[in-house]
Amino acid sequence: MKVKPVNHAKAAEEFLDDAPHLTFHDERLWDMRQKRDQQMHLLPEWQELRSRASAIKEHTLANLPEYLEQFEANAKKNGIHVHWAADGAEHNRIVGEILEKHGAKSLIKSKSMVTEECDMRAYLEPRGVTVTETDLGERIQQLDGQMPSHIVVPAVHKLVPDVAKIFAKNYNTDPNDDSPQSLAESQRMAARPVILTADSGMTGGNFLVAETGTFVVCTNEGNADLSATVPNLHIATLGIERIVPRMADMGVFIRLLSRSALGSPITQYTTHFRGPQKGGEMHIVLVDNGRSARLGMEEFWTSLKCIRCGACMNTCPVYRRSGGLSYGAVYSGPIGAIIDPTFNERKYSTLPFASTMNGSCTNVCPVKINIHEQLYKWRRVLVEHHELPFVKREIMHMAGKLMGQPTLYRTAINGTEVALSTLPRFVLYNWLNPWGKHRELPHPVKQTFHTWYKQNRLKNKKESQGGKA
Amino acid sequence: MKIGLFIPCYIDAFYPNAGIATLELLEKLGQDVEYPMDQTCCGQPMANSGCNSDAAAAEALFVRNFAKYDAIVMPSGSCTHHVRDNFDAIPQTEEVKHVRKNTFELVEFLHDILKVEEFPWAEFPHKVGLHNSCGTLRALRTASMSELGEPYFSKPMDLLTKVKGISFATPKRPDECCGFGGTFSVTEEAVSARMGLDKVKDHYQAGAEYIVSADTSCTMHQQGCAERGGVPIRFIHIAEILNGARS
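Going down the list, the sequences are from chains A and B. Going by UniProt numbering, the first sequence opens with residue 1, and the numbers climb by one from there. Going by UniProt numbering, the second sequence opens with residue 1, and the numbers climb by one from there.
No wet-lab data here; the hints were simulated from the structure. Small disclaimer: the values here were computed from a predicted structure and weren't measured. It is possible that part of the hints are untrue.
Straight line, CA to CA, 20 Å or less: simulated PhoX-like cross-link-like pairs of lysine-lysine [said to hold, decoys possible]:
(1) K201(B) <-> K437(A)
(2) K35(A) <-> K172(B)
(3) K101(B) <-> K2(B)
(4) K305(A) <-> K347(A)
Please model the complete structure; the sequences and the hints are all you need to start from.
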């Protein structure tokens with residue numbers, strides 16, 4: 001089956017047509033960026049923290065097998081069952097088997113990008129397991145049948161009235177009552193009984209600590225703690241790149257994570273899970289799903305340093321004006337645009353081009369991933385792998401030839417001197433027409449710089465040289 | 001010092017005044033400047049689109065045109081960034097290395113190399129908003145970047161504050177990209193145009209009569225957005241102000 005590339009531009013255009021949503025989205029995320037800046041200014045050691053975080057991650061990734069084995073051994077000592085999943089299918093099968101063994105039918109879970117990667121709900125639900133997201137934003141997205149649009153604030157593209165409509169459909173509430181208080185209350189009333197009667201819980205996780213065999217989950221709603229501790233069965237799913245060597249490293253990452261994400265000093269809940277509760281069972285599924293392959297990509301392996309803070313999304317002027325769903329992928333925004341092509345090069349071939357490569361993402365990244373440089377490199381790779389649309393490829397080929405031949409180029413440019421009200425012929429191809437959709441063309445000029453120089457400098461030079469002779 | 005002047009294609013065709021101002025300014029400052037007539041493009045549009053091999057002919061021609069100069073100066077941040085940081089579609093000979101090492105964007109050339117202290121002829125009695133292109137800001141580092149919280153510095157502001165009568169408007173999001181992005185302006189035209197409109201509105205609401213920039217590609221795009229969006233603001237290249245333009 002031929003995969004069609006995601007049409008980010010078209011989805012973005014639709015997003016832009018809705019002024020109230022666009023304005024809120026842009027301003028809300030920009031506000032998060034500003035709060036992040038304020039936190040940065042409060043910590044004189046901010047840049048040092050970034051450098052350390054980057055160095056720790058690079059060291060760990062360079063020694064990944066050793067640290068993972070250390071983690072596995074220590075986690076087992078803590079009474080945790082450790083599973084390895086090579087891909088999404090294996091992950092889902094493992095989770096399904098654990099649930100089946102326990103006869104579990106109701107799974108409550110906190111937010112996990114890895115389970116999104118694996119499309120786990122779609123696997124479990126036909127097998128008779130009801131999966132309930134407990135993170136508010138994620139729950140809204142689940143009820144609406146959408147992917148999260150942001151890795152930290154999954155429903156940030158929605159306004160309160162949208163949520164009121166979704167809740168009305170699912171919880172029988174008043175669709176016109178859009179006070180945040182009553183919406184939160186109706187979510188609480190709907191979720192609590194599910195949480196209290198669930199027979200299994202699942203969390204994601206932010207960090208695996210190799211030396212202790214423990215893992216750390218950061219949330220602001222406390223929902224991960226409920227998901228992990230109310231049922232007796234706790235399954236945690238984490239990508240293998242989430243590992244750090246030492247507990248002391250948390251002193252670097254915890255300080256960076258929420259400051260970068262929301263601009264708050266720390267998440268409301270930072271829970272260290274050390275083993276199963278009394279009479280309970282704890283499982284960890286360590287997921288590869290393309291990560292080992294990415295680790296082998298010389299130009300792109302450092303994208304594995306990502307701690308999923310979303311700072312690059314908040315600062316990205318393109319993301320803020322196109323919305324996460326326009327990327328058509330589990331991971332959106334700048335980090336998505338460099339990770340997604342490793343999952344499916346053709347499908348996500350458009351994403352590295354959905355950027356002005358302005359570089360703001362790289363500057364805010366708490367682990368110093370050179371995101372905009374990787375976008376640039378991805379473009380080269382995608383062209384080499386023939387993933388650029390034919391027309392654009394041809395235009396670049398023709399432009400490249402033209403730019404190498406001054407005489408031909410001058411003839412093309414001089415078209416403007418004859419027909420000054422139009423762009424030069426070589427830019428008049430249909431491909432370039434969209435320029436004028438929301439923008440005026442540059443004004444016509446009397447003469448090009450080239451002509452001016454010939455008349456005002458070369459002529460004088462020749463005359464003065466002639467005079468001397 | 002013999003200077004080779006590079007005038008990017010869009011300045012040549014649409015904004016010759018920015019090119020003329022650059023040349024005249026360098027001459028006023030006593031520099032020996034030449035404009036090689038066979039120049040076309042630095043290769044950036046092809047390279048930024050990922051089509052690096054298609055940039056080879058332009059890059060080779062660029063080197064043929066400019067290898068003989070001590071310094072290559074251009075009124076464009078993004079072209080300078082390309083030559084300095086990404087110009088690798090051709091073999092890296094000594095000549096190529098010389099060209100890449102000695103290519104300067106106009107503001108950094110005036111500020112860092114010539115260390116110009118005054119522009120006695122310059123007077124611009126208007127309120128201006130400075131647009132730092134992402135190329136000058138985050139690649140050439142001609143100003144401090146808000147994301148890093150580093151101590152304030154700004155080479156273009158250092159130069160502009162030497163101009164008589166000028167005053168400045170500060171937009172709310174000074175470091176936000178304007179959305180030009182080369183071919184991005186066409187392939188993602190809706191997002192691009194919206195970013196441009198937001199940008200010019202930000203400057204206008206801050207009270208700017210003009211947006212001044214060292215990058216005409218950004219302002220070509222912004223001007224198009226402002227005119228279509230009905231934002232009454234004007235655009236000028238920094239070279240024109242420093243060269244003594246009054247409006």
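Here is how each hint holds up against the structure:
no.: 1; hint: K201(B) <-> K437(A); in the structure: holds, 19 Å
no.: 2; hint: K35(A) <-> K172(B); in the structure: holds, 14 Å
no.: 3; hint: K101(B) <-> K2(B); in the structure: holds, 15 Å
no.: 4; hint: K305(A) <-> K347(A); in the structure: violated, 23 Å
When the structure is compared with the earlier hints, a violation turns up for hint 4 alone.
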